[in-house]
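Peer 1: Okay, here's what each chain looks like letter by letter:
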Amino acid sequence: MTAEILYSIRNLDVEYDTRIGGVRAVDDLSLDIYKGEIIGLVGESGCGKSTLGKAMMRTISSPGHIVGGELWFEGVDLMTLSEKEMSSIRGNRVGMVFQDPMTSLNPLMKISDHLTEAIRTHYPKMSEAAARARAVEMVKDLGIREERIDDYPHQFSGGMRQRIMIALVLALNAALIIADEPTTALDVIVEAQFLDLLRDLREEFELTILLITHNIGVVAELADRVAVMYAGKVAEVAPVEPAFLDTKHPYSRGLLRSVPNIDVDNQELYKMTGAPPNLIAPPSGCRFHPRCPYAVDLCTDDEPRLLDVSGDGHLASCWIYSDALHRPMDPEHV
Amino acid sequence: MHDPMLDEVPPEDQWQVDLGQVGLFRRVLNGRRWYGVDWWMVVISSFMVAFFILIAFFPTLISSYDPLEQVGPRFLPPGDVPDEEVIVVRVDSPIDSLAEFAGEDRVPTGVVQGAPSSEDIRSEADRVTDELAAEGSDERVRLKIVRYETLDEMLVGVTDKEVEFGVASSSELAPLMGSYPELEISGPISGEKGGKSFPLGTNQIGQDVLSRLAWGTRIALIIGFTASLFSLFIGVPLGLLAGYTGGKFDRFFTLIMDSLYAFPGLILAIAIAAVLGPSIVNVIVAIAVLYIPTYYRIVRGQTLSTKESLHVEAAVSIGATKVSIMRRYIFPLVIPSVAIIFSVNIADAILTGAALSFLGLGLPPTTPDWGIDLARGQEFIQRAWWLITFPGIAVMLIVLAFTMLGEGLMEIFNPKLRKQ
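Chains as they are written, first to last, in numbering that gives the first Met the number 0: chain A, 0 to 333; chain B, 0 to 419.
These are calculated hints, taken from the structure and not from any lab test. Bear in mind that the values here come from a model prediction, so they are computed numbers and not experimental data. A portion of the hints provided could be inaccurate.
Unchecked claim - Label-pair distances were calculated between CB atoms; the ranges are:
#	chain 1	residue 1	chain 2	residue 2	range
1	B	Pro263	A	Asp27	55 to 63 Å
2	A	Ala274	B	Leu265	55 to 63 Å
3	B	Ser304	A	Ser87	25 to 33 Å
4	B	Leu275	A	Asp16	21 to 29 Å
5	A	Ala132	B	Ala270	21 to 29 Å
All C-beta atoms, glycine included, are put in the ideal place defined by N, C-alpha and C.
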């Protein structure tokens, strides 16, 4: 792939301190995000998706902290920036949309205040009137009537509030939007509208979007590429079609099979065996081996690397695809 | 079957009240119906607070006496008229004042031997003469004092025209007047009608209890408001900062505040006041220090929980500065609790202020203060009950008013806090 890399995560480690030891929620993770794409980040609850999203903006708060790694964005390693320089990038160049639109707006501030505050934080010289004009423009763009701008968040519906959150990010020409489960709290109709809106905005503003979700349907609908996370690591990264039609990693396969499918006439829903690992004491070798139907001795001993398994940017981290262990996966077996 | 509930469906407009359109006054009035709040508590206490504030601004409205001057006899009970030297005359020869005898030669005047009346009537005659001289007249009032053994003898003397009039104190005259129908009391020797009366009596040095109460209101409110404001302006920003930044700053201040909080309040205030010495500023400082931890702990706790809420996280992610997050995203959510503590705190501060002056550690002894009045009055509790009763009631009422106002407002503004 020749597309320009916008955000490159290199060997990122994020740890949460607990009384019984450090929990490594993101472990030696590397991922490239290309300019103009929508990349879906999926995985089970607790696999480190949201932590990764926050780490990318360096907003991990205590007891969590970034242990090491590099975050390259627009030619700068964000890890080397001071807190002040980082603040000027947050919101301005990288924006975040949160899961719960009901609580992610200040209940005591008008919508117009939210927007003008965001704009004037980054452009302190802009006048109040100019910031307001920009806010009105933004809100109208997102299909909310201008006269509603002086209302308070509780007077808006969930879908409208999520649009306001998007407006907060768009008001500042962010290049990358990290959307952390943006549709989880919305009903399906509003969700569909919101996804359409995201797609339109991507084209209009040339946005790059990292879509963190556990709704695989949303990813299939919207994303260009899919990254699957498992226990703080990337298991598989692939363009959306191969990711769903030619799944390489055993975990991704299990994840896909767990999604209810109306076409498959099977009453029983597929359940992966075992539970996600305890990240205080993760399994040795490949973290998926205790649950993996293909596990061999090598998997217990050594950690597989993320390799391009098909030569077209389809990466998977599994010993099956390395030269050390050539055993084709039996599609019927999983 | 008939359902009684159906009869009680409220009229339609009752469901259409838009809370956003409702003013404070209606909220207070409708508090009982909407929130189950005892709104009358708020109304009564607001009136009480307003009354005390009015008196503090205009103490002369309820009593015009100087609270520091001796204005009447000592230990005069509430409502009693003090003893006065009055003039007794025959009904058929009314005399209004001594000035009527100006220029006449040695008017015979009856007094009782040894009574203060003889001195008083002489000095009054001199005073009237001086007044006449000031007006340019050279006439004098000259009296011929006739001394009688008893009051009865004097009254008989007046009846028999041995003397033109008699002088005696009003309280001694009162029981005897019935037996002398030909006589009447014309008025006080000074000629001014009606003696001074004191609604709440006078204290051991002849000061008016009511006017001391009125001026004491001012002191109580000054102490209550300034001490509370002082602790608010220190406690709230510190709590916000400590809660939001956390770390060493938080640990350091929490340690200090918890140590302050661990002391019994009054003892700490006594210690501070004793070190600083008696003055109103020092009392305010001592009380303020006492209540800083209250604000600090509440604000810090609320900041800690608000900080974790998503809207603050969202504010961080749009790049808002720390100051702006504290000021615009956290502080507004803390205001309701602060307002409620403030109101209850004023009551507490007034009480502590009164306790300090009661113990003689607060204000300079010349200040008209309730605590000081209580402390002095308790020595005379058997002789003059009114000396400590009225300041005590005043302290109780003002504390009750502010506490009730705080509690009532809390229930209206923060119905969630109410226990079901």
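Peer 1: What are the numbers of the hints that this structure violates, sorted from low to high?
Peer 2: Failing hints, ascending: 4, 5.
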